[in-house]
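Generate the whole structure from the sequences, applying the supplied hints.
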Amino acid sequence: MRRQRTLEERKELGVRIGANAYVYLLLFLMYVPVLALVLFSFTGSVNFGTWSGFSFELYVTLFQDEEIMRALGNTVILALLSSLCSVVLGTLGAVGIHEWRRRSKSLAEALTQIPVVTPEIVLALSLVIMFVFLGNYVYAGFGLSFWTLLIGHICLSLPFVYLSVKPKLLQMDPALYEAALDLGSTPRKALYQVTLPAILPGILSGFLLALTLSLDDFIVTSFTRGAGLLSGAQMIETLSTLVQARIKKGPLPPQMRALTTLIFLFVILVVAIVTFLMLHKRKGKRHAERRNA
Amino acid sequence: MSAATRRVSRFFALKRKYLAFPYILFLILFILIPAILILFYAFTDETGAPSFDALVSFFSTPSKLSVLLVSLFMGLQTTLICLLLGYPAAYFLADRKINRNAVLVVLFIMPMWINFVIRTGATRDLLSAIGLDGGSHPWEATLIGMVQNYLPFTILPLYTTMLKLDRSQMEAAADLGCPPWKVFVRNVLPQSLPGIVSASEMVFMPVMSSYVISDTLSEGKITLFGNSIYLNFSNSQWNDGSFMALVFLVLIGLSMLVTRRFERDPAAERGGGLW
Numbered sequence: 177m178r179r180q181r182t183l184e185e186r187k188e189l190g191v192r193i194g195a196n197a198y199v200y201l202l203l204f205l206m207y208v209p210v211l212a213l214v215l216f217s218f219t220g221s222v223n224f225g226t227w228s229g230f231s232f233e234l235y236v237t238l239f240q241d242e243e244i245m246r247a248l249g250n251t252v253i254l255a256l257l258s259s260l261c262s263v264v265l266g267t268l269g270a271v272g273i274h275e276w277r278r279r280s281k282s283l284a285e286a287l288t289q290i291p292v293v294t295p296e297i298v299l300a301l302s303l304v305i306m307f308v309f310l311g312n313y314v315y316a317g318f319g320l321s322f323w324t325l326l327i328g329h330i331c332l333s334l335p336f337v338y339l340s341v342k343p344k345l346l347q348m349d350p351a352l353y354e355a356a357l358d359l360g361s362t363p364r365k366a367l368y369q370v371t372l373p374a375i376l377p378g379i380l381s382g383f384l385l386a387l388t389l390s391l392d393d394f395i396v397t398s399f400t401r402g403a404g405l406l407s408g409a410q411m412i413e414t415l416s417t418l419v420q421a422r423i424k425k426g427p428l429p430p431q432m433r434a435l436t437t438l439i440f441l442f443v444i445l446v447v448a449i450v451t452f453l454m455l456h457k458r459k460g461k462r463h464a465e466r467r468n469a
Numbered sequence: 200m201s202a203a204t205r206r207v208s209r210f211f212a213l214k215r216k217y218l219a220f221p222y223i224l225f226l227i228l229f230i231l232i233p234a235i236l237i238l239f240y241a242f243t244d245e246t247g248a249p250s251f252d253a254l255v256s257f258f259s260t261p262s263k264l265s266v267l268l269v270s271l272f273m274g275l276q277t278t279l280i281c282l283l284l285g286y287p288a289a290y291f292l293a294d295r296k297i298n299r300n301a302v303l304v305v306l307f308i309m310p311m312w313i314n315f316v317i318r319t320g321a322t323r324d325l326l327s328a329i330g331l332d333g334g335s336h337p338w339e340a341t342l343i344g345m346v347q348n349y350l351p352f353t354i355l356p357l358y359t360t361m362l363k364l365d366r367s368q369m370e371a372a373a374d375l376g377c378p379p380w381k382v383f384v385r386n387v388l389p390q391s392l393p394g395i396v397s398a399s400e401m402v403f404m405p406v407m408s409s410y411v412i413s414d415t416l417s418e419g420k421i422t423l424f425g426n427s428i429y430l431n432f433s434n435s436q437w438n439d440g441s442f443m444a445l446v447f448l449v450l451i452g453l454s455m456l457v458t459r460r461f462e463r464d465p466a467a468e469r470g471g472g473l474w
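Residue numbers (our numbering), protein chains in the order written: chain B, 177 to 469; chain E, 200 to 474.
There's no promise every hint is true.
Interface residues of chain E toward chain B, partial, derived using beta-carbon atoms under 7 Å [as the list claims (entries may be wrong)]:
hint: 1; residue: L279
hint: 2; residue: I308
hint: 3; residue: N314
hint: 4; residue: G320
hint: 5; residue: A444
Straight-line distance between alpha carbons at most 16 Å, and here's what the computed EDC-like set of lysine to aspartate or glutamate pairs gives [what the hints assert, rightly or not]:
hint: 6; chain 1: E; residue 1: K296; chain 2: E; residue 2: E370
hint: 7; chain 1: E; residue 1: K214; chain 2: B; residue 2: E275
hint: 8; chain 1: B; residue 1: K424; chain 2: E; residue 2: E370
Far from chain E, by Cβ distances over 10 Å, these chain B residues were calculated [stated by the list, open to error]:
hint: 9; residue: R186
hint: 10; residue: G229
hint: 11; residue: T237
hint: 12; residue: L256
hint: 13; residue: S282
hint: 14; residue: E296
hint: 15; residue: I305
hint: 16; residue: K344
hint: 17; residue: R422
hint: 18; residue: T451
Hints in this document: simulated from the structure, not taken from any laboratory.
Glycine residues also receive a C-beta, built at the ideal position from the N, C-alpha and C atoms.
Structure below.
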């Protein structure tokens, strides 16, 4: 009896070790490029993979490289602006469509699904074709600019804002809004003080999603961009388009190693804060439950 | 509710509806109309006259048809490898006996927040350092890059399905003397089918339409749908590009029909409860 149990336990331990080894190995393989970038950001060597002594040289030249800094600035400005527009449009859309009748609602949702299922490159091509069409047949002065780029990025993230706000509206008790009106609140005030706080988590996650999509985008950017932003009279370069143009010609610019390290640190920091807050919140909830019991 | 407030609320209920108008207007202007224009451009020529030139040239040019085949093949192969690698990982991550650390799952998603063009460049440089450069091994290099980029998108939906696995079913089967492989084939696999379907959806089409990864890692040697459309765009060949996009949209429609049937499969919904 006793021997059998220990055998089984040993078998279980073996499975656990094997499974964990697999997961960590996979994780390691996925991180190889990132880890290599981080490691070799601390050496001045131009060649990726050769170590020429420890130095912070790349971090210095990163901030001196005007082209990279300009692209970084463009990327951040574009991401913030397009996410803000998407959040406003998408939230209003979700709140409004929530009140629609069933048929028009399902039509609106079908319309929302189009950009979700369409690949980015088809979306980008269709937008450019429309802009070209406008330039050819409607208004000859129309061309690609910062505004077409902004529209492209809003198209990318708008449905996702809608989709992250919608479930919060469904979870909300509709009686709350009515109660606020009954108690003498104006509709606008009820919207700000009752609806908005209830759907705020959805709005925030929609905003974060929109930021992520915009920051990482290459296709829509390279299709719809014109001149403007920090690039002035030249074609707008974002981080993605700049790096793509460089790696097409040769190896990854060494400064990108330093930049990736900084971005990676920032991501770790954000993830750590979010995890901490979530654990804290869960603990608080458990306390409250215990108190109520 | 007094009559007056009811009137106010009814009036505003009407107004809340209007809040969605900018949203709908934006979608119609910048999603719906461009989509219709794709259709228009696919069946006209450069002068705007109706024509089937793009269609004829697509189906009669071997290089264009091979784009379709190569894309399908690359998509299938990447999806398969991602599923084979990601399925066990998702299973282990969701098993509380093996992993109690939720941070591990976040670690799998974290690379997605680093610019993918930089990651692709780094992968390319590393691969060519070990002799797997796009010049001599375009297919292998591209495949590695694709798997590396899309693995998180596979693991995430699989993981959420695995969390919902009914483990008592599996334990009952094992207690009744069912060998582990049979428990897996007849219970775990059917239970996790929705996750497999959505994971494949997250990989297959994006791989076929990708541009940067295939262009960088194969040094331009492998042409997928994405590369082909990109080329049409940079040469301002709007009619050919539109037809390409249309073919791709039809493919997506077809694959959605297939996956929808899987999702509605009652056996999958019941989680393979009867066997």
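Going down the list of hints, with the structure as the test:
1. Interface hint status for L279/E: violated, as the beta-carbon distance to the closest one in chain B is roughly 16 Å, over 7 Å.
2. Violation of the interface hint for I308/E is found here, the shortest Cβ-Cβ separation to chain B being roughly 9 Å, above the 7 Å cut-off.
3. Checking N314/E against chain B by beta carbon gives a least distance of about 6 Å; that is within 7 Å, so the hint holds.
4. Hint on G320/E holds. Least Cβ distance to chain B is approximately 4 Å, under the 7 Å limit.
5. For A444/E, the shortest C-beta to C-beta distance to chain B is roughly 5 Å, which falls under 7 Å, so the interface hint holds.
6. Of the supplied pair hints, the one linking K296/E and E370/E holds, its CA atoms being roughly 13 Å apart against a limit of 16 Å.
7. Among the hinted pairs, K214/E with E275/B is consistent with the structure: their alpha-carbon atoms are about 10 Å apart, no more than 16 Å.
8. The suggested pairing of K424/B with E370/E is violated, with an alpha-carbon distance near 54 Å, which exceeds 16 Å.
9. Against the 10 Å criterion, R186/B stays outside the reach of chain E, whose nearest CB is about 15 Å from its own CB.
10. Interface exclusion of G229/B from chain E stands, the closest Cβ pair being 19 Å apart, more than 10 Å.
11. No Cβ of chain E comes within 10 Å of the Cβ of T237/B; the nearest lies about 16 Å off, and the non-interface call holds.
12. At roughly 16 Å, the least C-beta separation between L256/B and chain E is larger than 10 Å, which holds for a residue marked as non-interface.
13. Non-interface status of S282/B relative to chain E is upheld: no Cβ of that chain comes within 10 Å, the nearest being about 13 Å off.
14. E296/B, annotated as away from the interface, has a beta carbon of chain E within 10 Å; the closest lies near 7 Å.
15. The beta carbon of I305/B sits about 5 Å from the closest Cβ of chain E, which is not more than 10 Å, so the claim that it is off the interface is violated.
16. At roughly 15 Å from the closest C-beta of chain E, the C-beta of K344/B stays outside 10 Å, upholding its exclusion from the interface.
17. A beta-carbon of chain E is positioned within 10 Å of the beta-carbon of R422/B; the least distance is around 8 Å.
18. With a closest Cβ-Cβ approach of about 7 Å to chain E, T451/B is found to fall inside the 10 Å limit, against its non-interface label.
In summary, the numbered hints that this structure violates are 1, 2, 8, 14, 15, 17, 18.
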